[in-house]
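S.K.: Kindly produce the complete structure, drawing on both the sequences and the hints.
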Amino acid sequence: GQNIDQPTEMTATEGAIVQINCTYQTSGFNGLFWYQQHAGEAPTFLSYNVLDGLEEKGRFSSFLSRSKGYSYLLLKELQMKDSASYLCASYNDYKLSFGAGTTVTVRA
Amino acid sequence: NAGVMQNPRHLVRRRGQEARLRCSPMKGHSHVYWYRQLPEEGLKFMVYLQKENIIDESGMPKERFSAEFPKEGPSILRIQQVVRGDSAAYFCASSPTNLNNYGYTFGSGTRLTVV
Numbered sequence: 002g003q004n005i006d007q008p009t010e011m012t013a014t015e016g017a018i019v020q021i022n023c024t025y026q027t028s029g030f031n032g033l034f035w036y037q038q039h040a041g042e043a044p045t046f047l048s049y050n051v052l053d054g055l056e057e058k059g060r061f062s063s064f065l066s067r068s069k070g071y072s073y074l075l076l077k078e079l080q081m082k083d084s085a086s087y088l089c090a091s092y093n094d095y096k097l098s099f100g101a102g103t104t105v106t107v108r109a
Numbered sequence: 778n779a780g781v782m783q784n785p786r787h788l789v790r791r792r793g794q795e796a797r798l799r800c801s802p803m804k805g806h807s808h809v810y811w812y813r814q815l816p817e818e819g820l821k822f823m824v825y826l827q828k829e830n831i832i833d834e835s836g837m838p839k840e841r842f843s844a845e846f847p848k849e850g851p852s853i854l855r856i857q858q859v860v861r862g863d864s865a866a867y868f869c870a871s872s873p874t875n876l877n878n879y880g881y882t883f884g885s886g887t888r889l890t891v892v
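Heads up: the sequence lines are chains A and B, in that order.
Per the numbering used here, the very first residue in the first sequence carries number 2; after that it's consecutive.
Per the numbering used here, the very first residue in the second sequence carries number 778; after that it's consecutive.
Source of the hints: derived by calculation from the structure; they are not laboratory data.
Take these hints with a grain of salt, some might be off.
[What the hints assert, rightly or not] Derived SDA-like pairs: lysine to any residue, alpha-carbon spacing no greater than 25 Å straight-line:
#1 LYS839(B) - ALA101(A)
#2 LYS804(B) - ASN830(B)
#3 LYS821(B) - GLY70(A)
#4 LYS821(B) - GLY29(A)
#5 LYS82(A) - MET11(A)
#6 LYS804(B) - GLY41(A)
#7 LYS96(A) - GLY836(B)
M.R.: This is how it looks when you write it as structure tokens:
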């Protein structure tokens with residue numbers, strides 16, 4: 002089975018950095034996805050990690066440690082539009098197993 | 778490219794009625810996935826289909842729920858005799874192959890409310 006844990010909520014100030022942690026326990030693992038979901042909208046792809054290490058993509062970076070079953074998403078230079086839910090998902094074959102999501106609120 | 782299209786966006790049904798949710802995958806995508814999102818919970822896998830074939834329906838309740846992806850037309854998720862517990866957001870996603878490192882493309886979802 003799949004067990005994905007991430008914090009429920011985080012609050013940060015505009016321009017700051019926030020790190021969202023995700024731990025997973027999975028039977029079979031082919032990679033780790035992060036999605037962003039604004040209220041009432043579709044989840045949109047942010048990043049994919051299959052190897053250990055850091056993947057940087059502009060203001061967003063994602064890290065994976067397979068031996069520890071751990072990932073994080075780093076959001077830098079926060080903007081108000083970054084207020085959303087961030088979903089961690091492990092990938093096994095064709096299935097994504099999602100955590101409940103972390104709601105990030107960016108304050109001015 | 779219009780993306781993954783789901784309709785309706787919102788659907789209200791009385792208990793005992795049927796709900797039909799439609800999903801048109803992105804052009805060129807032959808793999809369709811349905812997920813359900815309950816309030817305050819993560820997206821849960823329901824079913825994976827390719828054209829005219831159900832590949833994996835292990836996440837779908839055995840009764841009242843069915844899915845199809847015909848040769849022509851959209852994929853349909855059908856819920857018969859809906860109950861209040863079926864109220865949720867139902868997301869469809871598609872991919873060109875099994876899954877690649879860009880993940881799925883999700884539709885905007887259908888929000889089902891059972892009254």
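S.K.: Between LYS821(B) and GLY29(A), does the CA-CA distance stay at or below 25 Å?
M.R.: Roughly 17 Å separates the two Cα atoms, so the pair holds.
S.K.: Are LYS82(A) and MET11(A) close enough, with their CA atoms no more than 25 Å apart?
M.R.: At roughly 15 Å apart (the allowed maximum being 25 Å), MET11(A) and LYS82(A) satisfy the hint.
S.K.: Between the alpha carbons of LYS821(B) and GLY70(A), is the straight-line distance 25 Å or under?
M.R.: Cα-Cα ~20 Å, so holds.
S.K.: Between LYS839(B) and ALA101(A), is the straight-line Cα distance small enough, at 25 Å or below?
M.R.: 24 Å, holds
S.K.: Against the 25 Å threshold, does the CA-CA distance of LYS804(B) and ASN830(B) hold or violate the hint?
M.R.: 18 Å, holds
S.K.: Taken at face value, is the distance from the CA of GLY41(A) to the CA of LYS804(B) at most 25 Å?
M.R.: 24 Å, holds
S.K.: Hey, LYS96(A) versus GLY836(B), does the alpha-carbon distance stay inside 25 Å?
M.R.: Satisfied, since the Cα-Cα distance of roughly 10 Å is no more than 25 Å.
Comparing the model with each numbered hint stated earlier shows that all of them hold.
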